[in-house]
Amino acid sequence: MNFHRAKTLLLAAVALCFVISLVLKNNQSYWLYVSYDIGINIILAVSLNLINGYTGQFSLGHAGFMAMGAYTAAVITNQFTGSNPALAGAIFLGALFAGGLAAAAGGLIVGIPTLRLRGDYLAIVTLGFGEIIRVILQNIDAVGGPRGYSVMHSWTNFFWTFGIAAVTIYVILALVHSTYGRGFIAVQDDEIAASAVGINPTRYKVTAFVVGAFFAGIAGGLYAHAKSFISPDGFGFMKSIEIVVMVILGGMGNTPGVILAAVLLTLLPVGLDNLGDIQSLPGISADHPLSWVKDTRMVIYSLLLIVLMLTRPQGLFVFKKRTTA
Amino acid sequence: MTEFLQQLINGLADGSILALIALGYTMVYGILRFINFAHGDVFMIGAFAGFYLTPKIAAFLPTPSIWAGVVVMALSMALCAVLGIIIERFAYRPLRRSPKLAVLITAIGVSLFLEYAGQLFFGAAPRSFPQIIPVKPITGIPGLTINTSQIVVLVVTILLLIVLRFIVLKTKIGMAMRALSFNPEAAALMGVNTDVVISFTFGLGSALAAAAGILYAVNFPAIDPLMGVLPGLKAFCAAVLGGIGNLPGAALGGLIIGIVETFVGGSELSTYRDAIAFAILILILLIKPSGLLGKKDIEKV
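Residue numbers (my numbering), protein chains in the order written: chain A, 1 to 325; chain B, 1001 to 1301.
Think of the hints as simulated: they come from the structure by calculation, not from any bench.
SDA-like, lysine to any residue: derived pairs with alpha carbons at most 25 Å apart: (1) K1100/B / S195/A; (2) K227/A / A142/A; (3) K239/A / Y1272/B; (4) K239/A / I136/A; (5) K1288/B / L108/A; (6) K1288/B / L117/A; (7) K1100/B / V318/A; (8) K1295/B / Y121/A; (9) K239/A / F1122/B; (10) K1100/B / T255/A; (11) K1295/B / E191/A; (12) K239/A / D273/A; (13) K1295/B / D120/A; (14) K1100/B / R312/A; (15) K1100/B / A193/A; (16) K227/A / G144/A; (17) K239/A / F1121/B; (18) K25/A / H153/A; (19) K1100/B / Y301/A; (20) K1100/B / L117/A; (21) K239/A / F1034/B.
Derived Cβ-Cβ restraints for the label pairs, each shown as a range: (22) A15/A / F1121/B: 45 to 53 Å; (23) Y180/A / R1097/B: 28 to 36 Å; (24) A193/A / L1286/B: 20 to 28 Å.
Don't be surprised by glycine CBs; every beta carbon is placed ideally from N, CA and C.
Just need the whole structure built from these sequences, with the hints factored in.
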């Protein structure tokens, strides 16, 4: 994609988010909160796609980085008690950024020693790091330990969520398509050949890890201020898996597909949940309510996952083999 | 000193259970080179199979008794062996030539399916496991409390390890398993029926997981559909610690992690207990990525 066109698109997307957020200013609907989840999941999935998709490493610890960002941002904004909205916006942005930096630092600490490992080993080590972060958070009493931590300000709104999502998509795509970024794909395609032509695989892997972790941290900050309550258990192994599934179903290294998968997989459990509430619909008599869908929605979700992997292991939204990156 | 011995015995019992689960991971990894994430949930199904079978067995055999325990365990192992073979046949076999990640995600899907289906059918709340063997504390050694259940765990584990060793080293199918883990293509060319051997491996691993599930439930009689997640992950750490693909290594790794965990649980760092297996894993991968007993793999261009 043309660089200038991409920049225009980014600006247009951010402006659109701003307008929508003005329209939705006093809207408190359920679906608005669902849209925050969608935006946050897009950021998480796109940033993990840099690590898992473009660079070909397998990280199962994305929720751990998210947790670091969430707690850092929440601790910072909880200090703020003023009422100036302009200042609040600045502090929120600063807190998100600090959360991202904390997560990036975590990514660096995790990345340097472990990225010498390959494939499954890396997966299990990142999983281990995610679990260790969770257990450490459970042991920090200042942020509530296992009881969780309340976040005083619900500052996450449509503009921040999707504005940041747009920036994330732009930054990741620009990075991968830059001259420097070709190295990520080279590392994914063939590590040995890449190092033979002078690309340092470890450096690229660590870079991917740090950048991915940074955006995961920001997503964590948004999450904390959308839910106004965070607990270590919310950032467990299952959350990491959820993000990985979005990347795999979208197609590794296929950003539009990953975004679509993030939207779909956020809506799927919500949709099944709501389907279960439907009592009167033409064709559905009162004797056959759809409430069973509610109880079985997670079973349906897992079965769908298995079936999708069996039928389309290359990803849901991949239609042709990658020729250029 | 008695404190130390007490913790050591508790750790040995915990570690034996981890060792049994780790063996399943290591066997599958040795042959197919992939992490069977659903293995921890087969462990859970094993415990629940015991939960539902015990009342049925009680009609024929007095419970709690050793014989009832043996029958429940054997039936549950058989059931899980079949389950393991079915999982392999329908979820993993179609993907054998796909990228490894696709299989990994499918395994996660199977794991989620077993957990959520378990919550649906067994209920999400913890159930109390019936007493199938007589559990009473053994007195006599001053300062030590050893339960008969801990002795049972140790004895059963040792017996199963001996049987496994016999199968892998002395039988024809065991030889085929070793050949396959050495080089799948060459083994197939030598007339080894790969599909049968892989099915057998899954069955064997799942049976061991079921045994671990029963032993776990005998020792800690509260079972729930998510009970397999953490032991499963820790057992995988144990398999890597011992050197993945290496059977004695998996058993050794399980024992080490169980014992270290129990000692940490008894110290002032007890709240970090669940992180210790992962910390050990990361350390071993940094120092000796091939594991304690594993052989170094040289990657060829």
